[in-house]
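Spelled out from the first residue to the last, the chains are:
2 protein chains.
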Amino acid sequence: MINNKMKKLGQEGSIIRELNEYGQQLKKQIGEDNVFDFSIGNPSVPCPEVVKQEIIRLTNTIDPITLHSYTSANGLKNVRDAIALQLNKTYNANISSDLIYLTSGASAALTISFNALLNKNDEVIVIAPFFPEYKVFVEKANGKLVVSNSDIKTCLPDFNDLENKINSKTKIIVINSPNNPTGVLYKEDVIIKLANLLKRKQEEYHHDIYLLSDEPYRELIYIDCKYPFITNYYDNSLVCYSFSKSLSLPGERVGYLLVSNSCHNKNVIYQAICGAGRSLGFICLTTLFQYILPICVNYVADLSTYKENKDLLYNALIKMGYQAIYPDGAFYLYVKALEEDANLFANNAKKFNLLLVPSDSFGQKGFVRISYCVTTKQIINSLPAFKKLKEYYQKRS
Amino acid sequence: MINNKMKKLGQEGSIIRELNEYGQQLKKQIGEDNVFDFSIGNPSVPCPEVVKQEIIRLTNTIDPITLHSYTSANGLKNVRDAIALQLNKTYNANISSDLIYLTSGASAALTISFNALLNKNDEVIVIAPFFPEYKVFVEKANGKLVVSNSDIKTCLPDFNDLENKINSKTKIIVINSPNNPTGVLYKEDVIIKLANLLKRKQEEYHHDIYLLSDEPYRELIYIDCKYPFITNYYDNSLVCYSFSKSLSLPGERVGYLLVSNSCHNKNVIYQAICGAGRSLGFICLTTLFQYILPICVNYVADLSTYKENKDLLYNALIKMGYQAIYPDGAFYLYVKALEEDANLFANNAKKFNLLLVPSDSFGQKGFVRISYCVTTKQIINSLPAFKKLKEYYQKRS
Chain W
329 MINNKMKKLG QEGSIIRELN EYGQQLKKQI GEDNVFDFSI GNPSVPCPEV VKQEIIRLTN
389 TIDPITLHSY TSANGLKNVR DAIALQLNKT YNANISSDLI YLTSGASAAL TISFNALLNK
449 NDEVIVIAPF FPEYKVFVEK ANGKLVVSNS DIKTCLPDFN DLENKINSKT KIIVINSPNN
509 PTGVLYKEDV IIKLANLLKR KQEEYHHDIY LLSDEPYREL IYIDCKYPFI TNYYDNSLVC
569 YSFSKSLSLP GERVGYLLVS NSCHNKNVIY QAICGAGRSL GFICLTTLFQ YILPICVNYV
629 ADLSTYKENK DLLYNALIKM GYQAIYPDGA FYLYVKALEE DANLFANNAK KFNLLLVPSD
689 SFGQKGFVRI SYCVTTKQII NSLPAFKKLK EYYQKRS
Chain H
329 MINNKMKKLG QEGSIIRELN EYGQQLKKQI GEDNVFDFSI GNPSVPCPEV VKQEIIRLTN
389 TIDPITLHSY TSANGLKNVR DAIALQLNKT YNANISSDLI YLTSGASAAL TISFNALLNK
449 NDEVIVIAPF FPEYKVFVEK ANGKLVVSNS DIKTCLPDFN DLENKINSKT KIIVINSPNN
509 PTGVLYKEDV IIKLANLLKR KQEEYHHDIY LLSDEPYREL IYIDCKYPFI TNYYDNSLVC
569 YSFSKSLSLP GERVGYLLVS NSCHNKNVIY QAICGAGRSL GFICLTTLFQ YILPICVNYV
629 ADLSTYKENK DLLYNALIKM GYQAIYPDGA FYLYVKALEE DANLFANNAK KFNLLLVPSD
689 SFGQKGFVRI SYCVTTKQII NSLPAFKKLK EYYQKRS
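Keeping their order, the protein sequence lines are chains W and H.
Start counting the first sequence at 329; every next residue gets the next number (our numbering).
Start counting the second sequence at 329; every next residue gets the next number (our numbering).
Excised from the complex, chain W in its bound form (with noise of 0.2 Å):
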């Protein structure tokens, strides 16, 4: 009688937040010290001080009726403009704050899109492995969703595949850089080839195909290695951004979603995101955090942990004769699991208190997942953990 494909995405247990309630449970019998939980992509630094200082000194200074009203549904003009500066001076891109549309996090930025984009049955290709939500939002769009599949050895589009699964009904490709969950980045060179394959097919089927990019992890690089911004190297491009990670805001959800200033009909499709926020029930972002990102725009959350996290976890695993891919950026780890099955081996995990996350949520099998952003005395106190696992294969074969 009510809607049943609502009620089974509201009943299906996320397998992440399943294995971050075991791991809850776990810890009050053996112990929080002895769980090590590496499950919940869930910022572990705290935001920079200057969130902090903008938060008080706003609300002690701005009239309140002014610091709580509405704003525009896209946001105050002279904080869309401190992000389209901020990404000019960055990328040497060319961004119009006009183009720019405040959201409520990039979940958001991603849903209005899919919606202000896609017409019934449209294709929208994502590149496994990929974020799960992918799938129930393009669904809910009224869309279809085509799984391409990436170089099992790096993890970068397998771009034959690709070319095979753009057709006439492809509408947008979604990428994400750095990689939930494999923490690779699309260099350059990628991104130059993926922009040429879409030109190439654009002119083929002769209507646009937008290139989506999900980028909450863009400031989150530990190489060195300057982020190629979409919007430099294919026209019909829209950026879905978060402030969550770089701000480490997560339970805030301030982001924004951008229409590339080369896009075909940017301006229609800007009026197709202002409606389809508008339906879906997004009023304006929280007016509080706009007033802080003209200030906190140009900072970042002090990322060294998740760099020494990331160097400890992967040499460690390395060394014990795992195979990992070596992660560019995000703060998660993607290991090859020890056995076909990825949620068998993970089963085993949890047998020496490591919580792990199966690939097959991601649309990929034989690998887990490792979100490394935890406290570093957690990498090192795993690390026998790890070893002991590795052994227990071992005595198997």
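It is worth saying that the hints were derived from the structure and are not from the lab.
Even for Gly, the Cβ is constructed at its ideal location relative to N, Cα and C.
Careful: at least some of the hints might be erroneous.
Here are a few chain W residues that sit away from chain H, every Cβ distance over 12 Å (derived from the structure) [unchecked claim]: (1) LEU386; (2) LEU395; (3) VAL518; (4) ILE597.
Lysine to any residue pairs mimicking SDA-like chemistry, simulated, CA-CA at most 25 Å apart [to be verified]: (5) LYS405/W <-> ASN348/H; (6) LYS355/W <-> LYS594/W; (7) LYS481/W <-> SER496/W; (8) LYS497/H <-> LYS716/W; (9) LYS718/W <-> ASN589/W; (10) LYS333/H <-> GLU636/W; (11) LYS336/W <-> GLN353/H; (12) LYS336/W <-> VAL596/H; (13) LYS448/H <-> GLU451/W; (14) LYS336/H <-> VAL475/W; (15) LYS647/H <-> GLN618/H; (16) LYS529/H <-> ASN332/W; (17) LYS554/H <-> LEU525/H; (18) LYS594/W <-> ASN595/H; (19) LYS481/W <-> GLN651/W; (20) LYS678/W <-> GLN651/W; (21) LYS635/H <-> LYS497/W; (22) LYS529/W <-> LYS463/H; (23) LYS380/W <-> TYR398/H; (24) LYS472/W <-> LYS336/H; (25) LYS472/H <-> VAL475/W; (26) LYS405/W <-> SER372/H; (27) LYS333/H <-> ASN449/W; (28) LYS723/H <-> ASN709/H; (29) LYS333/H <-> ASP536/W; (30) LYS521/W <-> ASN470/W; (31) LYS679/W <-> GLU668/W; (32) LYS705/W <-> GLU719/W; (33) LYS380/W <-> GLU491/H; (34) LYS497/W <-> ASN470/H; (35) LYS463/H <-> LYS723/H; (36) LYS635/H <-> ASN447/H; (37) LYS380/W <-> ASN709/H; (38) LYS336/H <-> ILE537/W; (39) LYS497/W <-> VAL475/W; (40) LYS497/H <-> ASN595/H.
Mind docking chain H on chain W? Use the hints.
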């Protein structure tokens, strides 16, 4: 090529916003004090001091990783407990915190409800005049909006018409009391009559009919009357609430959705609500504003300005010979236009720098809405203009 419905929704100027922008321009030309903008329903009183104190106290004392972290999608348990406690104390209701789902304002509560409950072509009945976004939200959730009339003199439901409009496809009846745009409160007798009708119709059609009460103005009541809390009268009921008006925090998007503890299949409905929230891209209510609620839920902004404005304006307009619905609550006065076409009347009002919203936007003809959430000074200064407008029509006739 993109989604045309969304484009249209983004394009179509909201008449209210257009009026407001016209007012901003006019103010630049003829001075702020000479324009009487009654278009927008934006709270004009500050939030209670405790809100400011809590934002600063929490920011100063809670570890920022905790204060700004993700919460579960339905919100923190202690926050939902505090809301349930306040409702049970105030209304002697039997609300369970497990059936409360925190939302980014009442708009999100509405879109999540419609998406959770509706299947394609299910009918949702609203009672004219009604908040225009109901149509947008219902249609985006694949439902069909059915408009029932209200009694032209009282602006209460026309029960004969309502009964005629209920059929086998009716899934939801939406009420909004105190009402935008009329300010009318549905007192206990109206709610009992409505509940009885729906109980009878449920039996007749052998399926659940949900009563959805959209009540952002619940605390803005100026008459001596206890608010009839809907779950005390009808089992299959849901409440959409926002703190936008009660705490004067419209831009911060703080609200909730609750399912009656006596609702048939309440847990299944709650699951569908979780699924709908997820698929629309809502992750959680802003964590900082969740944290302020356990204390702030017990406060209401000072409404004396609204009451003063209402008394001044209503009494003055009646004395001049206007006909208006007596506003029990909210911050709107609903006035009969002085000619048949409310659009023409509102246009003529502009000649006297009075910005009034024609009732056509609310699904009814022949009235204008005056938002009196302005300064008392604006009310006083506007009275000569209202007088001249009346005289203008007297001369014409």
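Hints, one by one, checked against the model:
1. LEU386: 9 Å, violated
2. LEU395: 8 Å, violated
3. VAL518: 27 Å, holds
4. ILE597: 6 Å, violated
5. LYS405/W <-> ASN348/H: 17 Å, holds
6. LYS355/W <-> LYS594/W: With Cα atoms ~51 Å apart, LYS355/W and LYS594/W exceed 25 Å; violated.
7. LYS481/W <-> SER496/W: Violated, because 30 Å separates the two Cα atoms, which is more than 25 Å.
8. LYS497/H <-> LYS716/W: 61 Å, violated
9. LYS718/W <-> ASN589/W: 51 Å, violated
10. LYS333/H <-> GLU636/W: Distance of about 49 Å is beyond 25 Å: violated.
11. LYS336/W <-> GLN353/H: 50 Å, violated
12. LYS336/W <-> VAL596/H: With Cα atoms ~10 Å apart, LYS336/W and VAL596/H stay inside 25 Å; holds.
13. LYS448/H <-> GLU451/W: 22 Å, holds
14. LYS336/H <-> VAL475/W: Given pair LYS336/H, VAL475/W is violated - Cα atoms ~31 Å apart, limit 25 Å.
15. LYS647/H <-> GLN618/H: Violated, because 46 Å separates the two Cα atoms, which is more than 25 Å.
16. LYS529/H <-> ASN332/W: 23 Å, holds
17. LYS554/H <-> LEU525/H: 22 Å, holds
18. LYS594/W <-> ASN595/H: Since the Cα atoms of LYS594/W and ASN595/H sit roughly 43 Å apart, the hinted pair is violated (cutoff 25 Å).
19. LYS481/W <-> GLN651/W: 10 Å, holds
20. LYS678/W <-> GLN651/W: Since the Cα atoms of LYS678/W and GLN651/W sit roughly 19 Å apart, the hinted pair holds (cutoff 25 Å).
21. LYS635/H <-> LYS497/W: 57 Å, violated
22. LYS529/W <-> LYS463/H: Given that 25 Å is the threshold and the Cα spacing comes to 39 Å, the pair is violated.
23. LYS380/W <-> TYR398/H: 17 Å, holds
24. LYS472/W <-> LYS336/H: Within the cut-off at roughly 23 Å; holds.
25. LYS472/H <-> VAL475/W: This hinted pair is violated, its Cα atoms lying about 34 Å apart.
26. LYS405/W <-> SER372/H: 22 Å, holds
27. LYS333/H <-> ASN449/W: 16 Å, holds
28. LYS723/H <-> ASN709/H: 23 Å, holds
29. LYS333/H <-> ASP536/W: 19 Å, holds
30. LYS521/W <-> ASN470/W: 29 Å, violated
31. LYS679/W <-> GLU668/W: The hint holds at about 18 Å.
32. LYS705/W <-> GLU719/W: Judged against 25 Å, a Cα distance of about 23 Å means the pair holds.
33. LYS380/W <-> GLU491/H: Violated, because 55 Å separates the two Cα atoms, which is more than 25 Å.
34. LYS497/W <-> ASN470/H: 23 Å, holds
35. LYS463/H <-> LYS723/H: 39 Å, violated
36. LYS635/H <-> ASN447/H: It is violated: about 42 Å lies between the C-alpha atoms, which goes past 25 Å.
37. LYS380/W <-> ASN709/H: Violated, at about 42 Å.
38. LYS336/H <-> ILE537/W: This hinted pair holds, its Cα atoms lying about 21 Å apart.
39. LYS497/W <-> VAL475/W: Holds, at roughly 14 Å.
40. LYS497/H <-> ASN595/H: Holds: LYS497/H and ASN595/H sit about 23 Å apart, inside 25 Å.
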